[in-house]
Structures are given as C-alpha cells and as structure tokens.
Amino acid sequence: MRQIEAFEGTHEIASGASRPRNDIYMIDNPKTGMTLIVKTITRLTVGLIMLFGIYIILHGHLSPGGGFAGGVIVALSFVHLMLAFGKDVAAARISKNMASNLESIGAMMFLFVALLGFLGGSFFLNVLNKGNPFNLFSAGTILLSNISIGIKVGVGLFAIFLALVILEKSSKKEL
Amino acid sequence: MKAINIIPLFVIIPLAAAFLTSLVGRLIRRSSEVIIFITSLALLGSSLYARVLLNSVPGKILVYKIGGWMPPFGICMVMDGLSSFMLVTVNLIAFFVAVYSLSYMNQYTDKPKFFTLFSLMVCGMNGVIITGDLFNLYVFLEIASIASYALVAFGTEAEELEASFKYAIMGSVASAFIFIGIAFLYSFTSTLNMADMARILAYKQNAWVIPFVGVLFLMGFGLKSALVPFHAWLPDAHPSAPASISAMLSGVLIKTLGVYALIRVFFNIIGSTHGYLTVLMFLGVISMLVAVVLALSQWDLKRLLAYHSISQIGYVVLGIGLGTPLGVLGGLFHLFNHSVFKSLLFLNSGSVDYAAGTRDLKETGGLGKLMPVTAKTNLVASMAIAGIPPFNGFFSKAIIIIACLQKGFTGYAICAVIGSILTLASFMKVQKFVFLGEIKDKLKNIKEVPFAMLFSVVCLAIICVLGGLMLLPSLRFFLDDAVSVVLKGTSYAGVVLEAASRQ
Amino acid sequence: MLFCVGLYGVLRKRNIIKMIVGLGIMEYAMNLFFVLLGYRFHGRAPIDAKYQDILNMVDPLPQALVLTSIVIGLAVTALIISIAIRIYEKYGTFDITKIKKLKG
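Going down the list, the sequences are from chains C, D and A.
Heads up: the first sequence begins at 122 in my numbering, then just goes up one per residue.
Heads up: the second sequence begins at 30 in my numbering, then just goes up one per residue.
Heads up: the third sequence begins at 11 in my numbering, then just goes up one per residue.
No lab work stands behind these hints, which were simulated from the structure alone.
Quick caveat, the model's predicted, so the values are computed rather than measured.
Ideal Cβ placement from N, Cα and C applies to all residues, glycine included.
A portion of the hints provided could be inaccurate.
With a Cα cut of at most 35 Å, we get these calculated DSBU-like pairs of lysine-lysine [said to hold, decoys possible]:
1) K100(A) to K142(D)
2) K100(A) to K195(D)
3) K100(A) to K217(C)
4) K517(D) to K436(D)
5) K517(D) to K94(D)
6) K28(A) to K160(C)
7) K94(D) to K142(D)
8) K517(D) to K233(D)
9) K142(D) to K217(C)
10) K195(D) to K28(A)
11) K233(D) to K94(D)
12) K140(D) to K405(D)
13) K142(D) to K28(A)
14) K142(D) to K195(D)
15) K195(D) to K458(D)
16) K233(D) to K436(D)
17) K217(C) to K195(D)
18) K217(C) to K140(D)
19) K100(A) to K140(D)
20) K28(A) to K217(C)
21) K195(D) to K461(D)
22) K140(D) to K28(A)
23) K461(D) to K405(D)
From the structure, some residues in chain D lie toward chain A, with a derived Cβ separation under 8 Å [stated by the list, open to error]:
24) F164
25) E171
26) Y178
27) A179
28) A182
29) S193
30) A197
31) I209
One chain only, chain C, in its complex shape (with noise of 0.2 Å):
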C-alpha cells in the first residue's frame, strides 16, 4: 500500500518537472549549474527525497525519525535543487523573504500545539485522542508537533544555505 502511493506521488512530481515552464530555459541550460546527467537524475529523485522526508516526519513516533530529522530530509531536497541546477532555481521557488515567514509560521505553530495542552490542564499534555498503539494516528499531539518541527527545520536550513551562498555571489562580485 505504501509502495503505490510513493510511486504515484514521484510520477505526479516527475511529469510535473518536465512540464515546459518560463524557467525551462534556466534548467535546461548548460551554463549553470552541473552537467546533464546530474540533472536528469536529479529531477528524478528530488521528489523521492522529499516524500521520503515527509515518511519519516510523520512516523516520529513510531520509527526512529521525528520532527528534526525528517526536517533535515526535506531541506536536502531543495539544497540537491540548487546544488545541481544553480542557485536561481531553487530561489525562485521559495524566496528569502518566503523562507523566514514559513519559519516563523512553523515555530508559532509549535508553540500553539504546546499550548493546547493548557486546555487539558497542564503544559504539553497530549490532548488529542490516543487511538491504538502502532497505528498513524494514534500518541495525540506528537504528530501534530513533529509536523510543525519538520517545517521549521527544513525551511529553516535551507534559508541558512540561501543566505550562506548568496554572500558568497556578492563577495565575489566586490573582490
């Protein structure tokens, strides 16, 4: 079951890239980025990566994994984006501005889960209801909190990479 729905998602995220676009000029162009090989494969597993980050972000709680790591998996999607195609690429698809709000919306996000526990009583309670072990919805408000930590760290590390590479464009335009 879960192996269907990874192919159908990689498919749909696959003929999604080769669709013709403004920027196909931009990818398909020799000058930036690498060479043609590794773009092909890279339009290939770049979707694989990121549905692979979402699996392990929502499993937290039951296979190793969690918020943070599963958030680390995504970011590298858009950093193998940009490794391979150019910077401008992957700016174009989520901004610097963009990167921050997301941020900040996905620790505001956190706090909020934490704060529901309030209604229960205390802080951090696990409000929501725990279905049976070993199932995806069950252990409450971890899989909420696991969400809104994969969305922090994964926009999080990528905005980290933007900002590290764009100083690096403007360094060496002065010197």
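Here the structure of chain C is known, so what remains is to put chains D and A in place on it, guided by the hints.
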C-alpha cells in the same frame, strides 16, 4: 486558571514575542517596538506578581510539572526564593533596556531582527532560572548563549565580528565542559532531575566522580561568568556590542548563566564542601584585584566598564563563597545592585556614543554642560559602584567586608577595600574626562538624547538610590528567601519533591 | 580521546577553519560519549515495535538528549561559519594571529 500556571509563562511569552516579531515586524511599521514593549512589561509584572505570590504559599516553594508528568519522570519548573529573586532582577533590567533600545537602535538597520534575538535571549535566561531539570538547564543556557553571540555581532563591523567570533568559540568550549559534566552526573545517578539527583548524591559520597564533575562545572560556568582565569572574552565582546546589548550581557547574562547556575549546581546539587568554597573565594578575590588594576589603564570607555564587571563579579563570588548567612546575603544583594548600576553605566556610555559618536576618553570632554541628565545619572552610578553611602553599592560591599572579617579572613577583607578604592579612582577618571573640562570643537553642537533613553536611565538611577531600602525589615523577605534557599543546601531536594507530590 | 583532539584543535591551530573543525570534532565526541552511557549488555534498539516485549532495551533517554544536543551544535556551527565568512571579507585572511584589531 490556577495561579501556579504563571510559571511557564516566563518562557512562553518571550518565545512567542520573538517569532511574532520576526514574522510581522517587516510588514507593519513599528509593530516590533510595540510587541517588545508589551512583552517586557508583561514579564516584569509577572515576575513581581510571582514574588508576592510566593509569600502566601506554605514552604515558600512552587513546583510546576510540565505535561502533568511527576518528577523524576518529567521536567518540572521550580519557583523558590532564589528563582523569584533572579527573575525579578532579570526582567527589570530587560524592561529598561528594551525601552532604551527603542530609540538607540535607530542607528542600526534591521530593528525587528534585533528584537527577535533579544526576546530569545530573555527567554533563554528565564528558562535557566526557573528550570528544575539539569539537561533543561543546558538547553536554555545554549539558547541564551547563541542569541548573545548573534547579538554581539549585530553591527557587522570588523571589530564586532572578531569579538563575536572569540566569544562564540570560548562560549562553546564552556558549554562543552558543562555538557560533559552533565553526562558524568547522569551516568553516576541515572536521573536528570535536580532534586532527585541531590537526594541520590547524598547517599553515594566518596567517589572520584564528584570532585571531577565539580571541577568541570567550575571551568564551564566560570568561563561563562568571566572569573579571572577565564575572562579573556569579556573585554573584547562588551565594547563591540551595541550599548543596550552590553548592558544586558554584563548586567544579567553573566550573572544568570554563570553565577546563578554555579550556585544551583554547587549548593543544591553537589553540596558545598570546604574545598569548593575556598576555591570560589580565591577566584573571587583574584578577579577583583586583577581586573581593577587592568581597568585603570584603559582609554576606551566601554572596555573600562567591562573590566569593572569582572571585578564586581569577583565581589559577588567572594560573598557567596563565604558560606555564612551574612556573606551570602551580601553576595546576592551585590548581584542585584551590580545589575542595576552596571546597566546604568553601559546605557550612559551608549548615550555618549549616540550623541558624540565616539567612545574614546581622550576625545570626549566637557559633555556635562550639554547633556545634564546623562552626567548626573553617571555620577550616581559611579558613586554607587564605588561604594559611597547612601547608595546601594555601599550597603552590599559593607556587608561582604563585614562577613569576611567575621569569618576571620582579614586578608580578603583588605583586598576588598583596596579594590573598592581603585574602583573609585577609575570612575573619577571617567567622570573627569567625559563630563568635565573643555568641549572640543567638533562636539560643540550635540544635544541630549531622546526621551525613551532618558526614561530608562533615570528610572535605573532612582533604583540605585533607593536600593538600600531593601534591607528594611518589611522588604527584607525579598533577599532572605533567596539566602535561605542557598544555605539549605542539599536538603532543598526534599522540599521540592514534597511540594511536587502535594500539588 | 576524541574530545582531547578537538580541544587541541581549538586551542592551538591558527587557521579559523581548523578551529571550527576542531570544535565540530569536540562536539561529536561529546555526543558519542553521552549515547554510549546508556548501553546495557545485549540490549537492542529502543523502539516499541509490535511483536517484541519491552524488556532489555538500551537506555533511550540519552538518545533523545543527544538529538537535542546535535541540533544545538548545528546552530552554533552555522552561526560561527557565517561569522567566519564575514571576517574573511573584512580582513582578507584566515590567520588568527593577524586578526588583532582589538587590543589591551
């Protein structure tokens, strides 16, 4: 909503403010300033309320269990006399510095980012104070430290970056030592809760681990609080930071992360023995003398103030290292007083910098006629730090010296007096060079600083003058509760666990 | 052992990048040490799977703490590296003995 629910608010409010500021501050003009003002005012109000609330609770201790998990399984937040004392200190200074920064930061770009980092730092410090769990202490310590590394480098000049880099590396080494200490303690007692650990350590005496961990913690927290063998980052980090950050760093950060954590770990968990106290006193006295001598030869205003911070922390550590009730009272009182008047001095130097554009003592002069309020408040703060009656510095220093004599350490008492005299000398130098004398040509048309900065500075000066009143019997509970927590030592654990099971 | 290697790197090397690497090594050493504290003889991984019983697990608490510590280490390293890049822009060199504008 029961009254005990106020405790996690000290961490939630600045955290929410930080992220809200970073999201909204760029969209709506001046919204970041409003948010930070409301936040710091709310924090100040909560801390004062919590302090008054604590008087009506039997046993004077409040324990808040996060998530409803009982300790030792869960993390708990403890509010006792010492915590509420430190909370009031930190939030008071944070409020005044925030108000000051409202107009001081106009010379730097990017105000929302500054207030985000500032809120994160306050959140970290509050967390360090109220947590009852050792690893949680480390996490909040790191939050506050990282925010301060970023804040020191805020203006991105060349000097600031170098200072911030040195500070960051040294701070990370200190945190590494603390982490290893915590790892050893965990392996030895298999629990992380402070009260539980104190109880277990009382049984297992006589192991080689305990002094080893003590030395590790002394190195780590000593580096964070800038005692003398470990002080090398302070004279570089403080002058380069923007003035309000210097005030926060020197006024509260060193004390919270360094001295308060040292007190918690040494007195309440490991249990103070004669050896540790002697080492603490010795380090305190060396810090006092060495720093004051080095400060006499400085020509940069903020660097001079930074060296004085080191020496005053030496006073505090000397007082606490004495271990007698009078000594600890003097040490904690001096901690509070030093926060107030050192912040005042740094904010004044910021005003001079804002108005005249320079920090060098050789270039300023005669500013007293053009900036009367700054000059008068600087005089108040200088007299307070040198220990002239009736300002608050006199009372705390007198108590420390009397406690030294009581216990028989006349040598240390004489050193304390010498340190005091040299402090007076260097501040007379500051006063003479900055505010009296002739005005140089290029500084002829400077004005007094804007109202927000004046407000904070005047309020702090008033607190300096009235600080001595805290020794009156009716207000004495503020300090006495803190002192009793420190002196109770490891029996603090029993009180905490009993309070936890009661609520 | 690893910790001492890292500490040597931080204290003695002159190049800033080597200092940062030394700091990184030190942090890895600390985290490894902390995880290893929780070892029990013949333990297995502390994951609550469906058909295995709860006994005889390796101690899971240090693993959660070390996760937190790794995140903190990452944040510090990112900050220090960005400061180091800016220093290179301003001073033009990575040698710490030449970066001495603040004196006294």
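Right, here's what the structure says about each hint:
A C-alpha spacing of about 22 Å is found between K100(A) and K142(D), which places the hinted pair at or below 35 Å, so the restraint holds. A distance of roughly 16 Å separates the Cα atoms of K100(A) and K195(D); the hinted pair therefore holds under the 35 Å criterion. At most 35 Å may separate the alpha-carbon atoms for a hinted pair to count; K100(A) and K217(C) meet this at roughly 24 Å. Note on K517(D) and K436(D): the hinted pairing holds, with a Cα-Cα distance of about 19 Å set against a maximum of 35 Å.
A hinted pair counts as satisfied when its Cα atoms are at most 35 Å apart, and K517(D) with K94(D) qualifies at roughly 23 Å. Between K28(A) and K160(C) the CA atoms are separated by roughly 33 Å; this keeps the pair inside 35 Å, and the hint holds. For the hint pairing K94(D) with K142(D), the CA-to-CA distance comes to about 33 Å; that is within 35 Å, so the pair holds. Using a Cα cut-off of 35 Å, the hinted pair K517(D) and K233(D) holds, with the two alpha carbons roughly 19 Å apart.
For the given pair, K142(D) sits about 15 Å from K217(C) by alpha-carbon distance, which is consistent with the 35 Å threshold. Only pairs whose Cα atoms come within 35 Å are accepted, and K195(D) paired with K28(A) is accepted, the gap being roughly 14 Å. Taking the CA atoms of K233(D) and K94(D), the gap is about 27 Å. The hint holds against a cut of 35 Å. Restraint check for K140(D) and K405(D): the C-alpha separation of about 30 Å stays at or below 35 Å, so the hint holds.
Using a Cα cut-off of 35 Å, the hinted pair K142(D) and K28(A) holds, with the two alpha carbons roughly 30 Å apart. In summary, the hint linking K142(D) to K195(D) is supported, as the alpha carbons are separated by about 22 Å, within the 35 Å threshold. Pair hint K195(D) plus K458(D) holds up; C-alpha atoms about 29 Å apart against a cutoff of 35 Å. Restraint check: the Cα-Cα separation between K233(D) and K436(D) comes to about 30 Å, which is no more than 35 Å; the hinted pair holds.
For the suggested pair K217(C) and K195(D), the alpha carbons sit about 29 Å apart, so the restraint of at most 35 Å is met. For the hint pairing K217(C) with K140(D), the CA-to-CA distance comes to about 18 Å; that is within 35 Å, so the pair holds. This hinted pair checks out: K100(A) and K140(D) have alpha carbons roughly 23 Å apart, not beyond 35 Å. Pair hint K28(A) plus K217(C) holds up; C-alpha atoms about 30 Å apart against a cutoff of 35 Å.
With a C-alpha separation of about 33 Å, the suggested pair K195(D) and K461(D) falls inside the 35 Å cut-off, and the hint holds. Proposed proximity of K140(D) and K28(A) is supported: the alpha carbons are some 34 Å apart, at most 35 Å. For the hint pairing K461(D) with K405(D), the CA-to-CA distance comes to about 13 Å; that is within 35 Å, so the pair holds. For F164(D), the shortest C-beta to C-beta distance to chain A is roughly 5 Å, which falls under 8 Å, so the interface hint holds.
Proximity of E171(D) to chain A holds as hinted, the smallest CB-CB distance being about 5 Å (cut-off 8 Å). The closest approach between the C-beta of Y178(D) and any C-beta of chain A is roughly 6 Å, which is under the 8 Å cut-off, so the hint is satisfied. The restraint placing A179(D) at the interface with chain A holds, with a minimum CB-CB distance near 6 Å, inside the 8 Å limit. At its closest, the beta carbon of A182(D) sits 6 Å from a beta carbon of chain A; the interface hint therefore holds under the 8 Å criterion.
The interface hint given for S193(D) holds, since its Cβ lies 6 Å from the closest Cβ of chain A, which is under the 8 Å cut-off. Against a cut-off of 8 Å between C-beta atoms, the interface hint on A197(D) holds, since the closest Cβ of chain A lies about 5 Å away. Because the beta carbon of I209(D) sits about 6 Å from the nearest beta carbon in chain A, less than 8 Å, this interface hint is met.
Checked against the numbered hints given earlier, this structure breaks none of them.
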